[in-house]
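Protein chains: 2
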Amino acid sequence: EIAAAVEGLLAPSGPLAGRHVIVTSGPTHEPIDPVRYIANRSSGKQGHAIAKAAREAGARVTLISGPVTLPDPPGVTTVHVESARAMLEAVEGALPADIGIFAAAVADWRVANAGEQKIKKKDGALPSLSLTENPDILATIARRTENRPPLMVGFAAETEHVIEHARQKLAKKGCDLIVANDVSAEAGVMGGDSNTVHLVTASAVETWPTLSKTEVARKLVERLGAMAEGAKP
Amino acid sequence: EIAAAVEGLLAPSGPLAGRHVIVTSGPTHEPIDPVRYIANRSSGKQGHAIAKAAREAGARVTLISGPVTLPDPPGVTTVHVESARAMLEAVEGALPADIGIFAAAVADWRVANAGEQKIKKKDGALPSLSLTENPDILATIARRTENRPPLMVGFAAETEHVIEHARQKLAKKGCDLIVANDVSAEAGVMGGDSNTVHLVTASAVETWPTLSKTEVARKLVERLGAMAEGAKP
Numbered sequence: 001e002i003a004a005a006v007e008g009l010l011a012p013s014g015p016l017a018g019r020h021v022i023v024t025s026g027p028t029h030e031p032i033d034p035v036r037y038i039a040n041r042s043s044g045k046q047g048h049a050i051a052k053a054a055r056e057a058g059a060r061v062t063l064i065s066g067p068v069t070l071p072d073p074p075g076v077t078t079v080h081v082e083s084a085r086a087m088l089e090a091v092e093g094a095l096p097a098d099i100g101i102f103a104a105a106v107a108d109w110r111v112a113n114a115g116e117q118k119i120k121k122k123d124g125a126l127p128s129l130s131l132t133e134n135p136d137i138l139a140t141i142a143r144r145t146e147n148r149p150p151l152m153v154g155f156a157a158e159t160e161h162v163i164e165h166a167r168q169k170l171a172k173k174g175c176d177l178i179v180a181n182d183v184s185a186e187a188g189v190m191g192g193d194s195n196t197v198h199l200v201t202a203s204a205v206e207t208w209p210t211l212s213k214t215e216v217a218r219k220l221v222e223r224l225g226a227m228a229e230g231a232k233p
Numbered sequence: 001e002i003a004a005a006v007e008g009l010l011a012p013s014g015p016l017a018g019r020h021v022i023v024t025s026g027p028t029h030e031p032i033d034p035v036r037y038i039a040n041r042s043s044g045k046q047g048h049a050i051a052k053a054a055r056e057a058g059a060r061v062t063l064i065s066g067p068v069t070l071p072d073p074p075g076v077t078t079v080h081v082e083s084a085r086a087m088l089e090a091v092e093g094a095l096p097a098d099i100g101i102f103a104a105a106v107a108d109w110r111v112a113n114a115g116e117q118k119i120k121k122k123d124g125a126l127p128s129l130s131l132t133e134n135p136d137i138l139a140t141i142a143r144r145t146e147n148r149p150p151l152m153v154g155f156a157a158e159t160e161h162v163i164e165h166a167r168q169k170l171a172k173k174g175c176d177l178i179v180a181n182d183v184s185a186e187a188g189v190m191g192g193d194s195n196t197v198h199l200v201t202a203s204a205v206e207t208w209p210t211l212s213k214t215e216v217a218r219k220l221v222e223r224l225g226a227m228a229e230g231a232k233p
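If you read the protein sequences in the order shown, they are chains Y and L.
Residues 1 to 233 in my numbering are what the first sequence spells out, letter by letter.
Residues 1 to 233 in my numbering are what the second sequence spells out, letter by letter.
Treat the hints with care, as some may be off.
Identical chains share a label here; the pair holds if one copy fits it or two copies do between them.
Below, in silico cross-link-like pairs of lysine-lysine (DSSO-like), each with a Cα-Cα straight-line distance of 30 Å or less [stated by the list, open to error]:
| no. | residue 1 | residue 2 |
| --- | --- | --- |
| 1 | Lys-172 | Lys-118 |
| 2 | Lys-120 | Lys-169 |
| 3 | Lys-169 | Lys-118 |
| 4 | Lys-219 | Lys-169 |
These aren't lab readings, by the way, just hints derived from the structure by calculation.
Being a predicted model, the structure only gives us computed values, none of them experimental.
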């Protein structure tokens, strides 16, 4: 970590030198009441590995992280948030950026009637959780007219029809690249150290072999470096 | 840890020598679909500290733990579970016991219509989560006619009317002692290292000063040792 810190003080070099990269990582937690919440399963390992790889490629990196048990990557500005709304606010606060990589598993819904006191169990009566849609962070940022990062990357964690869902997501969200993976229990990706991903753009699908999350991060950052180079004015 | 392991091989001594203690700890996670779940906030620190203190007091300890990031305490048989139903099953499988200490923050409800595939976000339409009541582990075990541990301890994490709710819980669940605490955000107990607890029995309420969770565990185990001694046939 000292080596990384010292490196950070030197003039950055590498394919992403001079670039600002925003990465989101981890799950979001949406409160039901002070002691209960709805969450997505996400260890944050892939997102944190990407933040680290982008830093190593010379970028200035802002990592917006939901609740995870991982340490903050050295040399990376890390902002800790809990809910999807707080995550969107933090992303907006970190703009402008050259590349946005949205790896967090953001909860699609939150509880509209979240209680300020613990909901008590009453005989037989079940509490009714009224759900409301969370902001779509990827789509909100990708559709900005001002300060949209020129290169926007989304993630699609699917349990079936992985490629098909990723293509739909790419079009619907207005981003430039989707990293899709199969998170069904059989695939063992969730919480694990390896990942099998498909890179989906408007014109192509590329399937990578199973790699460690660190390797996926490095290859992805390398690819984004090349794409960002092409996108330069 | 080596010292503790070696100690475990010697004939156990201490106030709980020869006793079997079951401790539950941590939250439960109740699946909504393969990637989403409902959870209770609980670090498991207090429950794990109690398992460790009971072991140090000479007991044979079975710890049934929900998803936490803590290491298994040395010398303690630890069973890892995710849902409330799995936790109840593990507790029943660990009976008979002399003392049951139910420190886990068990989710009161689970989703009745949990999906096997990831629920997709559809335009405008919100999924409806139909909730159903989880088994009440404390009450189920405390009301057993066979193999009920002679000493049953429950926990009450409250955000208001702490003592009043604890008294009600004691009567309703049929347990012998409730350890109650205030988990409102202002109290800072959740995830923290200290705890301010009230011991509530049918006849008395005792409030302890703010102590580390380790100290609360030691004092509680000491007290239970004295109570178990009194309860001997």
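Provide an ascending list of the numbers of those earlier hints which the structure does not satisfy. Of the numbered hints given earlier, the structure breaks none, since each of them holds.
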